[in-house]
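Single-letter residue listing:
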Amino acid sequence: MSSETQKILTTGGIPLEESLKKVEKRNKIKAFLLVSPLLFFLIIAYISPIVSLLFTSIDDRMVTNMLPKTFKAMKQWDGKDLPSEEVFEAFYQDYKILIEEKRHGKLSTQMNYEKNGFKSILKKLARKMKKFEEGNYKEQIMAVHKRWADVEYWRALKRRAPTYTYSKYLKGVDMYENEEGKIVEVPEERRIYKILWLRTLEIAFFVTLFCFLMAYPIAHLLATLPMKYSNLLMICVLLPFWTSLLVRTASWMILLQQQGIVNDVFVWTGLVADDSRPEMMYNKTGTYVAMTQILLPFMVLPLYSVMKTISPSLMRAGKSLGGTPFITFWKVYFPLTIPGIGAGCLLVFIIAVGYYITPELVGGASGTLISNQIAYQMKSTLDWSFASAMGLMLLTGVLVVYWVYNKLVGIDNIKLG
Amino acid sequence: MSETDSFVKFKKVDKSYDGEILVVKDLNLDVAQGEFLTLLGPSGSGKTTILMMLAGFETPTNGEIYLDGEAISNIPPYKRRIGMVFQNYALFPHMTVYENLSFPLKVRKVSKDETDKKINKALSMVSLTGFETRMPGQLSGGQQQRVAVARALVFDPKLVLMDEPLGALDKNLRESMQYELKHIHESLGVTVVYVTHDQGEALTMSNRIAVFNEGKIQQLSNPDKLYEEPVNSFVAEFIGENNTFQGEVSEISGNKCRVKLGSGDEILANPISVKLKGDKTKISLRPERALINPEEKIENKFKGKIEEVIYHGDHTRIRMNLLGKSQFILKIPNSSARMDLKLGNEMIIGWHSKDCRALDLT
Numbered sequence: 001m002s003s004e005t006q007k008i009l010t011t012g013g014i015p016l017e018e019s020l021k022k023v024e025k026r027n028k029i030k031a032f033l034l035v036s037p038l039l040f041f042l043i044i045a046y047i048s049p050i051v052s053l054l055f056t057s058i059d060d061r062m063v064t065n066m067l068p069k070t071f072k073a074m075k076q077w078d079g080k081d082l083p084s085e086e087v088f089e090a091f092y093q094d095y096k097i098l099i100e101e102k103r104h105g106k107l108s109t110q111m112n113y114e115k116n117g118f119k120s121i122l123k124k125l126a127r128k129m130k131k132f133e134e135g136n137y138k139e140q141i142m143a144v145h146k147r148w149a150d151v152e153y154w155r156a157l158k159r160r161a162p163t164y165t166y167s168k169y170l171k172g173v174d175m176y177e178n179e180e181g182k183i184v185e186v187p188e189e190r191r192i193y194k195i196l197w198l199r200t201l202e203i204a205f206f207v208t209l210f211c212f213l214m215a216y217p218i219a220h221l222l223a224t225l226p227m228k229y230s231n232l233l234m235i236c237v238l239l240p241f242w243t244s245l246l247v248r249t250a251s252w253m254i255l256l257q258q259q260g261i262v263n264d265v266f267v268w269t270g271l272v273a274d275d276s277r278p279e280m281m282y283n284k285t286g287t288y289v290a291m292t293q294i295l296l297p298f299m300v301l302p303l304y305s306v307m308k309t310i311s312p313s314l315m316r317a318g319k320s321l322g323g324t325p326f327i328t329f330w331k332v333y334f335p336l337t338i339p340g341i342g343a344g345c346l347l348v349f350i351i352a353v354g355y356y357i358t359p360e361l362v363g364g365a366s367g368t369l370i371s372n373q374i375a376y377q378m379k380s381t382l383d384w385s386f387a388s389a390m391g392l393m394l395l396t397g398v399l400v401v402y403w404v405y406n407k408l409v410g411i412d413n414i415k416l417g
Numbered sequence: 418m419s420e421t422d423s424f425v426k427f428k429k430v431d432k433s434y435d436g437e438i439l440v441v442k443d444l445n446l447d448v449a450q451g452e453f454l455t456l457l458g459p460s461g462s463g464k465t466t467i468l469m470m471l472a473g474f475e476t477p478t479n480g481e482i483y484l485d486g487e488a489i490s491n492i493p494p495y496k497r498r499i500g501m502v503f504q505n506y507a508l509f510p511h512m513t514v515y516e517n518l519s520f521p522l523k524v525r526k527v528s529k530d531e532t533d534k535k536i537n538k539a540l541s542m543v544s545l546t547g548f549e550t551r552m553p554g555q556l557s558g559g560q561q562q563r564v565a566v567a568r569a570l571v572f573d574p575k576l577v578l579m580d581e582p583l584g585a586l587d588k589n590l591r592e593s594m595q596y597e598l599k600h601i602h603e604s605l606g607v608t609v610v611y612v613t614h615d616q617g618e619a620l621t622m623s624n625r626i627a628v629f630n631e632g633k634i635q636q637l638s639n640p641d642k643l644y645e646e647p648v649n650s651f652v653a654e655f656i657g658e659n660n661t662f663q664g665e666v667s668e669i670s671g672n673k674c675r676v677k678l679g680s681g682d683e684i685l686a687n688p689i690s691v692k693l694k695g696d697k698t699k700i701s702l703r704p705e706r707a708l709i710n711p712e713e714k715i716e717n718k719f720k721g722k723i724e725e726v727i728y729h730g731d732h733t734r735i736r737m738n739l740l741g742k743s744q745f746i747l748k749i750p751n752s753s754a755r756m757d758l759k760l761g762n763e764m765i766i767g768w769h770s771k772d773c774r775a776l777d778l779t
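Chains as they are written, first to last, in this note's numbering: chain A, 1 to 417; chain B, 418 to 779.
There's no promise every hint is true.
In silico BS3-like links for lysine-lysine, alpha-carbon gap of 25 Å or less [stated by the list, open to error]:
(1) A:LYS158 <-> A:LYS115
(2) A:LYS75 <-> A:LYS30
(3) B:LYS523 <-> A:LYS331
(4) A:LYS331 <-> B:LYS526
(5) A:LYS331 <-> B:LYS535
Derived from the structure by calculation, the hints contain no laboratory data.
None of the values given here were measured: they were computed from a predicted structure.
Work the whole structure out from these sequences, hints included.
What follows is the structure, encoded as structure tokens:
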């Protein structure tokens with residue numbers, strides 16, 4: 001007997017494997033062509049912005065390109081004492097070109113991010129440089145302002161020499177690379193981002209929790225009520241979706257303001273005195289209330305779709321076997337809804353972590369999130385690389401949440417309907 | 418009071434869901450200890466509602482239900498000690514077979530050793546030993562059903578309710594499960610109330626059968642009596658196959674009556690629901706009680722013409738035109754002595770008056 005396995009042939013005499021591949025290939029090409037518009041769209045609209053975000057966040061070529069001679073001359077400088085005459089001369093020449101091309105303003109903005117007070121001395125230098133004589137630039141420049149004789153400012157300049165930098169990421173967590181090249185925290189009174197990150201996580205967590213607590217009974221009712229009531233309830237749940245987000249947030253502003261309806265009711269029922277109406281807006285309370293209401297459907301719908309599939313006979317079986325309603329709920333019903341809870345919580349948390357419009361309108365100073373800071377950096381300070389860095393940090397955070405969820409519960413356990 | 422005489426007692430129970438229609442009307446029913454009682458009826462006849470009231474998932478609108486001498490209307494389902502097998506099995510999908518079976522024991526705080534012992538016994542009873550760690554999703558329909566049965570029995574309930582438990586199984590499995598359930602019932606001696614719409618199932622398994630229609634018991638008796646002696650035309654038509662003729666009583670005396678059919682022919686029948694001359698009636702005759710080429714002195718004897726012959730394996734079904742009715746069915750066993758069953762042949766058909774029952778006209 002021969003031990004080699006015989007190749008199976010089709011009735012046409014072609015090896016089966018080959019024949020199958022041929023047939024499958026056509027299907028594969030067809031499938032690829034069908035999804036290719038979507039793939040193309042994804043690459044254009046999703047992947048390429050993220051990649052460009054990554055580059056913007058670490059790109060530091062602007063300063064490098066503006067002062068090419070200076071950085072070349074600085075290579076030999078050890079950074080301990082003031083740099084040599086060659087560096088000063090190179091800087092003079094670079095800066096002269098920048099002034100001629102009217103690009104020196106950008107340099108001063110960039111250097112001011114690096115070290116406060118850089119902007120004014122660069123401006124002053126630009127004015128005085130017109131009268132500079134040839135040679136001995138070190139003394140001439142140092143004479144413009146005493147800070148030019150401070151080695152700290154030259155070190156700050158050198159730090160901007162590399163083409164790429166991770167300093168924006170450090171800034172995002174209130175850290176920086178100090179003069180010795182060590183990564184340290186910024187002074188306590190200037191730490192803002194860490195607090196903002198923690199607050200973002202806290203608000204997202206509690207919004208998710210509140211949504212869960214409110215959505216679970218609603219979803220249960222939706223899944224168990226007779227058709228005519230559950231349809232009405234479903235419309236009530238979905239109604240907010242048909243209203244503009246801005247309108248919903250604005251209506252919360254009307255409700256929650258100090259002279260608003262909620263406060264009026266409190267006063268009318270005697271819960272609070274008229275002169276001590278609580279502030280429920282422009283702080284965390286406002287953000288919690290408005291975001292919970294707005295994100296509630298994202299929790300209700302996955303829960304509902306899972307609960308709908310749980311046969312009512314399971315609860316009956318549990319009770320007939322001797323389980324009290326609570327035990328039956330806890331041991332039978334609740335475990336079966338976990339896929340829906342997971343999906344709902346993940347959805348709400350991820351949306352909440354990056355929420356912008358509602359905290360912007362009702363959050364005030366203490367209720368804003370990291371996304372508001374990102375918007376601020378993009379619109380007001382124009383530090384796009386910092387905004388990109390924070391955006392990417394947020395994205396990474398979301399991916400970490402997703403990963404942890406996958407480890408704990410398993411992403412296959414998710415059910416959106 | 419006589420509440421203690423029977424194990425389960427329904428006393429004047431009414432049930433309505435919407436306040437307009439009574440799903441169950443004035444139900445009085447007794448179930449003896451150890452009995453296998455089947456509630457049989459078409460869908461919508463109220464049989465499942467009765468089961469749900471007994472289990473405690475529905476409350477009677479009126480009347481009272483007694484279990485073991487105790488009124489149970491105010492006892493919640495989880496305190497009733499009633500095991501229940503559901504139509505769709507209702508196994509907990511996130512628990513293993515062992516966990517499913519230990520659920521009723523755990524809530525009763527049975528010790529671990531005792532639990533293991535009971536589960537072993539229950540699983541061996543349904544021949545599923547060794548399946549403890551399987552999830553319900555990994556079992557076939559028949560195996561799931563057997564787990565459900567084991568779960569309903571594992572905590573030694575007073576009473577076991579089964580709501581069309583075999584409805585989702587295929588025909589062969591359904592039949593073997595019928596025998597298995599019957600044997601389990603016989604060996605444990607537990608009282609079972611069983612709901613089905615499948616008359617074959619009811620006849621095979623039950624001690625007694627209650628036939629329901631429109632919320633009322635039509636007939637309550639043991640299987641053979643139900644089949645052989647239906648008391649009204651609903652039962653006659655619902656259970657088994659049936660040849661019917663409509664007519665009017667022209668003469669009645671003792672246990673015989675003469676019925677004149679629309680075609681003008683007259684049949685001698687057994688008066689069950691008819692009392693007086695002139696009553697309208699429906700005559701019911703089981704196909705197997707009709708004889709081919711009968712002896713000379715049989716009471717009813719007519720000539721018919723074969724219109725259709727259908728081969729059924731163990732028997733042949735013949736549809737013939739008899740007494741102006743073209744739906745007369747005959748069942749002939751496929752034994753060696755085959756007759757000349759050909760389309761268009763004429764045959765003499767006869768039957769005894771006691772086998773054809775003059776019932777009500779519905």
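Quiz item: Which numbered hints does this structure break?
Solution: 2
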